[in-house]
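Following the hints, complete the assembly by docking chain B onto the known chain A.
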Amino acid sequence: MNGAVIGESIAAAVARTAAAQLAAFLALLLIVSAAHKVSQRARTRRAAQQLGGLPAGAAAFLAFGAAIAEAIAGSLLLLPTTRAAGAWLAALIWGAYCVALLRTLRAGRTDVDCGCSFGTAHRPLGAFQWMRSLALSMLACGVGCAAMLAAPSASAGAAFGARATALFAGLGLLGVYAALDQLAGLRPLRAGEAA
Amino acid sequence: MNFLIGSQILLWTAVLALALICAVLARQIGVLHERIAPAGALTLRQALKVGDEAPQFALVSLDGAVVQIGGVRAARSQLLLFLSPDCAVCEALLPSVRSARGAERAWLDIVLASDGELARHTAFVREQGLGKFPYVLSEQLGRAFGVAKLPYAALIDEAGKLAAAGLVNTREHLESLFVAKESGVGSIQQFLGQREHRRASSGE
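Heads up: the sequence lines are chains A and B, in that order.
The first sequence begins at 1 in the numbering used here and counts up by one.
The second sequence begins at 1001 in the numbering used here and counts up by one.
One chain only, chain A, in its complex shape (with noise of 0.2 Å):
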């Protein structure tokens, strides 16, 4: 019986600790895209223009609209009390993303450069950055569920230390998907061994 007690509380502190450290992930992730969409305006705007399908006045009011809405659903997704918000706006920016991805590739347009890389796009538009975007929307729904069936935390010291682990799992998660965005974004080499 209490084998199982710990075994269940195990499992929930796993649970909550994940989805602890996934949603600071996302937050970072939202708070540097959106940094990244200021500082590179041209770039966010003609991506907004060509996945949009919009003129230069609208893309620009939504690609400054998307940087906004980013740092907010990032800064949402920070603090416990309104994670499960900014997790349900994070899925819906991502969602969208992974819409006009797939408008855009149906339109058989393969060399836009989506602006949804830190570095510079080498790789054709594909499957990748449509699924990418999905992928992300889907994490932003779990953590989501998550974050509105937790219970509230044992003590305010637990708390503290569960928010310090989960920023820096976050920056640590944060530095895994900037490599993996490196690597994706290298051009990819034909087929063939080595000779």
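None of these hints come from the bench; they were simulated from the model.
Computed from a predicted model, the values in this text were never measured in an experiment.
C-beta atoms are modelled at their ideal positions from N, C-alpha and C, and glycine is treated no differently.
Label-pair ranges, simulated between beta-carbon atoms:
{"#": "1", "chain 1": "A", "residue 1": "Ala150", "chain 2": "B", "residue 2": "Gly1102", "range": "53 to 59 Å"}
{"#": "2", "chain 1": "B", "residue 1": "Leu1018", "chain 2": "A", "residue 2": "Gly52", "range": "36 to 42 Å"}
{"#": "3", "chain 1": "B", "residue 1": "Ile1021", "chain 2": "A", "residue 2": "Arg103", "range": "34 to 40 Å"}
{"#": "4", "chain 1": "B", "residue 1": "Leu1032", "chain 2": "A", "residue 2": "Ala13", "range": "41 to 47 Å"}
{"#": "5", "chain 1": "A", "residue 1": "Gly108", "chain 2": "B", "residue 2": "Glu1091", "range": "40 to 46 Å"}
{"#": "6", "chain 1": "B", "residue 1": "Arg1105", "chain 2": "A", "residue 2": "Ala107", "range": "28 to 34 Å"}
{"#": "7", "chain 1": "A", "residue 1": "Ala58", "chain 2": "B", "residue 2": "Lys1149", "range": "50 to 56 Å"}
{"#": "8", "chain 1": "A", "residue 1": "Ala127", "chain 2": "B", "residue 2": "Ala1159", "range": "26 to 32 Å"}
{"#": "9", "chain 1": "A", "residue 1": "Met138", "chain 2": "B", "residue 2": "Leu1011", "range": "22 to 28 Å"}
{"#": "10", "chain 1": "A", "residue 1": "Cys145", "chain 2": "B", "residue 2": "Leu1018", "range": "26 to 32 Å"}
{"#": "11", "chain 1": "B", "residue 1": "Leu1010", "chain 2": "A", "residue 2": "Val32", "range": "21 to 27 Å"}
{"#": "12", "chain 1": "A", "residue 1": "Leu180", "chain 2": "B", "residue 2": "Lys1149", "range": "42 to 48 Å"}
Residues on chain B that point at chain A, a partial pick, calculated with CB under 8 Å:
{"#": "13", "residue": "Ile1005"}
{"#": "14", "residue": "Gln1008"}
{"#": "15", "residue": "Trp1012"}
{"#": "16", "residue": "Thr1013"}
{"#": "17", "residue": "Val1015"}
{"#": "18", "residue": "Leu1016"}
{"#": "19", "residue": "Ala1019"}
{"#": "20", "residue": "Cys1022"}
{"#": "21", "residue": "Ala1023"}
{"#": "22", "residue": "Ala1026"}
{"#": "23", "residue": "Arg1027"}
{"#": "24", "residue": "Ile1029"}
{"#": "25", "residue": "Gly1030"}
{"#": "26", "residue": "Phe1178"}
Same frame as chain A, now just chain B:
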């Protein structure tokens, strides 16, 4: 509890450091790609231009089979690789040619071409294990494609038109012909010209 939190923070810091190292290395690879690109085959001044109808020949290969050069081919392209047993660069390129034969077999046929004494070429084919490639000897073929230096390759598309051609000293040069056909950019000069134009128009 404090020990566990401290340990977690240290571990995540290590993950972050490793991820950043990985990102920096990947970035360096990207920068190297940028700096060496385009490693395209150099197109020499030639009578035959990209997009022109490739000359058609029906030649007998070293193993006695008739090899059709040029002309319309159903969903298959043809790569003519001009080489010589005396050419050291040609020999160094052969492993890449063998690799390309396997990797691009879905759409490409590779034909080796040269001219000169039959016995020397037969010995060359045996020594280098080139028995799987059609190997033709024809001086007229080289002249028709304007071959001045070796190793030289000409890629003929499904419609029998010249898709790309140039000096191929390395695997990158060889692959650049395939990329040139896929991207519709005929030569390194054309690619560089387009890139300059793009940069100028985007104000970069």
